[in-house]
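*Asks:* Order-wise, the sequence lines are chains A and B. Our numbering puts the last residue of the first sequence at 113; the count rises by one with no breaks. Our numbering puts the last residue of the second sequence at 112; the count rises by one with no breaks.
For the record, the hints were derived by calculation from the structure and aren't laboratory data. Just so you know, nobody snuck in bad clues.
Pairs of lysine to any residue residues, derived as SDA-like cross-links and limited to a Cα-Cα distance of at most 25 Å, are as follows:
| no. | chain 1 | residue 1 | chain 2 | residue 2 |
| --- | --- | --- | --- | --- |
| 1 | B | Lys-44 | A | Gln-6 |
| 2 | A | Lys-49 | B | Val-50 |
| 3 | A | Lys-58 | B | Gly-99 |
| 4 | A | Lys-69 | A | Leu-19 |
| 5 | A | Lys-100 | B | Asp-73 |
| 6 | A | Lys-49 | A | Gly-29 |
| 7 | A | Lys-100 | A | Thr-52 |
| 8 | B | Lys-57 | A | Ser-3 |
| 9 | A | Lys-49 | B | Lys-44 |
| 10 | B | Lys-9 | A | Asn-41 |
| 11 | B | Lys-44 | A | Tyr-50 |
| 12 | A | Lys-100 | B | Leu-109 |
| 13 | A | Lys-100 | B | Ala-52 |
| 14 | A | Lys-100 | B | Ser-84 |
| 15 | A | Lys-58 | B | Gly-42 |
| 16 | A | Lys-100 | B | Met-27 |
| 17 | A | Lys-100 | B | Gly-99 |
| 18 | A | Lys-100 | A | Ser-3 |
| 19 | B | Lys-57 | B | Pro-105 |
| 20 | A | Lys-58 | A | Gly-29 |
| 21 | A | Lys-69 | A | Asn-55 |
| 22 | A | Lys-22 | A | Pro-40 |
Quick look at which bits of chain A chain B covers, simulated, 3 or more residues with Cβ under 8 Å:
| no. | stretch |
| --- | --- |
| 23 | 44-56 |
| 24 | 104-110 |
Every beta carbon over 12 Å from chain A, so not counted as near; a handful from chain B, in silico:
| no. | residue |
| --- | --- |
| 25 | Gly-16 |
| 26 | Asn-62 |
| 27 | Ser-67 |
| 28 | Glu-79 |
Small disclaimer: the values here were computed from a predicted structure and weren't measured. Backbone N, C-alpha and C fix where the C-beta goes; we use that ideal spot for every residue, glycine too.
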Amino acid sequence: AQSVAQPEDQVNVAEGNPLTVKCTYSVSGNPYLFWYVQYPNRGLQFLLKYITGDNLVKGSYGFEAEFNKSQTSFHLKKPSALVSDSALYFCAVREQQGGKLIFGQGTELSVKP
Amino acid sequence: NAGVTQTPKFRILKIGQSMTLQCTQDMNHNYMYWYRQDPGMGLKLIYYSVGAGITDKGEVPNGYNVSRSTTEDFPLRLELAAPSQTSVYFCASSGPTSGEQYFGPGTRLTVT
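Sequences and hints are given; from them, build the entire structure.
*Replies:* This is the structure we're talking about:
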């Protein structure tokens with residue numbers, strides 16, 4: 001069965017510092033991997049995805065994520081955090097065949113000035 | 001292009017009442033989904049549909065029903081509301097190949 005784990009409930013970062021939000025996954029076949037962001041009282045917004053190809057994926061708002069097959073990880077990164085990046089971040093996985101996503105429990109990112 | 005729209009934004013129900021949460025998308029997506037989001041629990045899939053006339057259960061379908069008579073609309077029905085259904089409900093849609101889902105703004109439901 002598919003599963004996604006986000007091991008940190010909360011990540012605190014100072015503005016201007018690099019940030020990493022961790023995600024590990026488990027699927028039986030090749031994974032489709034996604035990151036979403038949720039601002040307070042809003043729906044989820046798509047940030048980026050990995051389907052195949054280059055292991056480093058670039059997405060919206062300067063975010064990127066690195067796919068590591070051997071470690072079954074898909075960590076979200078940004079070189080320089082902004083206060084406006086403070087939000088709830090969700091990792092999700094989908095098996096290559098099929099439409100359903102499985103979401104992690106979310107990581108609250110707090111960026112302080 | 002409105003994307004995914006949901007109505008209502010907020011609703012308070014009494015135990016035992018019923019209601020329908022509306023969801024419409026204008027992207028001609030085949031796939032549509034209903035999730036509920038509880039604090040600290042992430043998103044749980046309630047029902048999904050791969051096209052008009054086809055629906056299937058997700059992870060937490062009990063107490064809910066859906067229909068998909070058109071590509072655009074995917075209403076979620078609560079028949080006998082219970083306090084355990086207090087949650088934020090999100091509708092989403094996606095195309096068949098790319099996989100990323102587009103979410104509506106959500107409906108905040110309270111059952112008392």
